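Q: Input sequences plus hints: build the corresponding full structure.
What follows is the residue order along each chain.
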Amino acid sequence: MTRKPSSTSIGRRALLKGTAATAGLAIGSGAVTGFPTIWAQNIKDVTLRQFGTGVSNLNEVAEKVKEDLGFTLEMTALDSDSVTQRAATQPKSFDIADIEYWICKKVWPTGNLQAMDTSKIKNYDKIVGIFRTGKLNPGSVIAQGTAPHTVGFVEGPGSTKFADNESGWMTLIPTIYNADTLGIRPDLIGRPIETWAELLNPEFKGKASILDISSIGIMDMAMVCEAMGEITYGDKGNMTKEEIDKTIGIFTEAKNNGQFRAFWKSFDESVNLMASGEVVIQSMWSPAITAVRSKGIPCVYQPLKEGYRSWGGGIGLSSNLSGIELDAAYEYINWYLDGWVGGFLMRQGYYSAVPETSKNYMSEDEWGYWFEGKEAKGDITSPQGQVIEKAGAVRDGGSFEERMGRVACWNAVMDENQYMVGKWNEFIAA
Amino acid sequence: MAAKQTISTTLSGWLLAAPLSAVLVLFLVLPIAMIVVVSFWGATEFSIFPAFRMDNYEFLFRSSVTYSVFLKTFMFTIVSWAFCLVIGFTVAYFLAFHVRTLTWQIALFLLCTIPFWTSNVIRMISWVPFLGRNGIANQSLISMGLIDQPLEWLLFSDFAVVLAFVHLYTLFMVVPIFNTMMRIDKSLLEAARDAGASGFQILTNVIIPLAKPGIMIGSIFVVTLVMGDFITVRFMSGSQSANVGRLIANDVALLRYPSAAATSVVLLITVLITIGIMLRFVNIRKEL
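These protein sequences, in sequence, are chains A and B. Residues 26 to 455 in the working numbering are what the first sequence spells out, letter by letter. Residues 46 to 333 in the working numbering are what the second sequence spells out, letter by letter.
Since the hints were made in silico from the structure, they are not lab data. Remember, it's a predicted structure, so these values are computed and weren't measured experimentally. Be aware that a few hints might be false.
[As the list claims (entries may be wrong)] 25 Å max Cα-Cα, derived SDA-like pairs, lysine to any residue:
(1) A:Lys290 to B:Gly180
(2) A:Lys89 to A:Ile413
(3) A:Lys290 to B:Lys257
A: As structure tokens, this is what we get:
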């Protein structure tokens, strides 16, 4: 409702200033780093409200948007559960939703988000294959779970049905993704760790942890149960009731035997558990490993032979967006894929949807270390300037191809989700 | 004339009560009514819809988890309450009867409230580095030669949960008990002493009966706080234990509002029954 006046005001300004202003804009737009399609004057008044998980809701991004594009981006960081809740129940509270693909599967049917026209996305063709065809290379096997390309397209504007091809209407523009595995404390374990099954190894009794976010935790559990040879899943991302029962059963037994020190729900908790030595092996996220290491504590993001559990996020547009705000949102998306953000995120250990543009914003050494899996030639610093790795270090798991090429399953939401959640509650209460 | 006056006094009585009633209706009765209504609704993955179905309650009463979680909640409540009572009563007794001057009584009482200057959650979390495997407690015990291996049960255990509860809520016991003790006429104690009562007899026959309302008020505080808690149990047990509050919090996080509402209603009824039973022992209104 409140959006109306600003879109009509374009009309008014356009009439008042006429073609002369258009010429002026073309010159002025040079300063706006090459995104000249909207009125520089009006766009300053635009405020886009974005919310999402902490990983990509960074103040640095909002500051840079103001600098490069001129409009204001308000960021709200929430945990995955609250993100889902907000996207599903409070459509008026946001303009841009920064959500994960499995959340998209859950939320898209509410109609709170609108599909994006890929012809307006400048770098669409450069987006990594995972998000378009599902394949990193033409020869790759598509992993189990909610693979991003399966919920990445809809049949057309307004459609709530996911398309199985590159239909030209995208649900989320991929922004950030990674391959997750177990984090370990090599100094306290003192031997090589090669399989997910080690999480339930009695050797680590009272020193293991798993995350208490049901939709992700169940996948880590599945990776472990499959590695132990206890269960063979049809699809880890879409389990049957029996598979859920059996998986939770194995973990409940381990819990009752005192295998776990604690469960964690937030990023900081996982860092503290690991840094304090309460836990030596646990599900973990990449930047948490970096956080532990930057305290001078050895911590490895251990590549495992069964492969990675991967996740991906993207930004979706609220269906309430229209007029100049919608245009601004497209500007934002194009800017997002232009490389600055990608470089910023890749220096934190994530991957960008369009790696080749990110390269322009990274030093050769940084690109070599983070993306190509090469040995660092000098100190590797975080985007905030903290030294994370010294010269000679190699990224855990190696290059982009090696890591993203070995994804065993994607974070998912199952058909039996309600049942699984109930079972998860039982596991926590057991 | 007389009739008119009665009408105006009744009217002014109603009017005087109206603001508070309005506040209570708006902010207490209506939300609770809403929770009760929603507890009969249905839910999908991402939305809730009005309905009248017993599913939520059926699921709740069918699940064995519900019973074990309620049992655990009662366990936490009873144990925490017992410790809070013993410690709270002792502190209040010391303040009221052993400290002689009013200045010192007030000074020491304020000392008790210092921890309340910072947030509940921070006071709770500060136990984590203290009790951890490589925490101060374990390190001191090891260096004193009392143990060789760090004690694992200090943190992320039921012990840690109860410890945090007692730490957080003892003051709620101290304040009302201290308050009633201060009102006990000192001449009663002297009379008891003159009549030949021992210190212990004075305690059991004079002080405890007279301090009952304070004990009961403190108990109600502690019981309701512990039964409604979810964050302390989550942090101190490392998410490994569950009480009813956590069950509700999990449901809310997963968008299962009707189920959360049903659990809340059952919890509310349970707490009300518990307090009802407690009030049978002491008539607070009469004693105040």
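Q: It remains to establish, for every hint, whether it holds in the given structure.
A: So, going through the hints one by one against the coordinates:
1. At most 25 Å may separate the alpha-carbon atoms for a hinted pair to count; Lys290 (chain A) and Gly180 (chain B) meet this at roughly 22 Å.
2. Restraint check: the Cα-Cα separation between Lys89 (chain A) and Ile413 (chain A) comes to about 23 Å, which is no more than 25 Å; the hinted pair holds.
3. A distance of roughly 42 Å separates the Cα atoms of Lys290 (chain A) and Lys257 (chain B); the hinted pair therefore is violated under the 25 Å criterion.
The structure fails to meet hint 3 from the earlier list, while all remaining hints are met.
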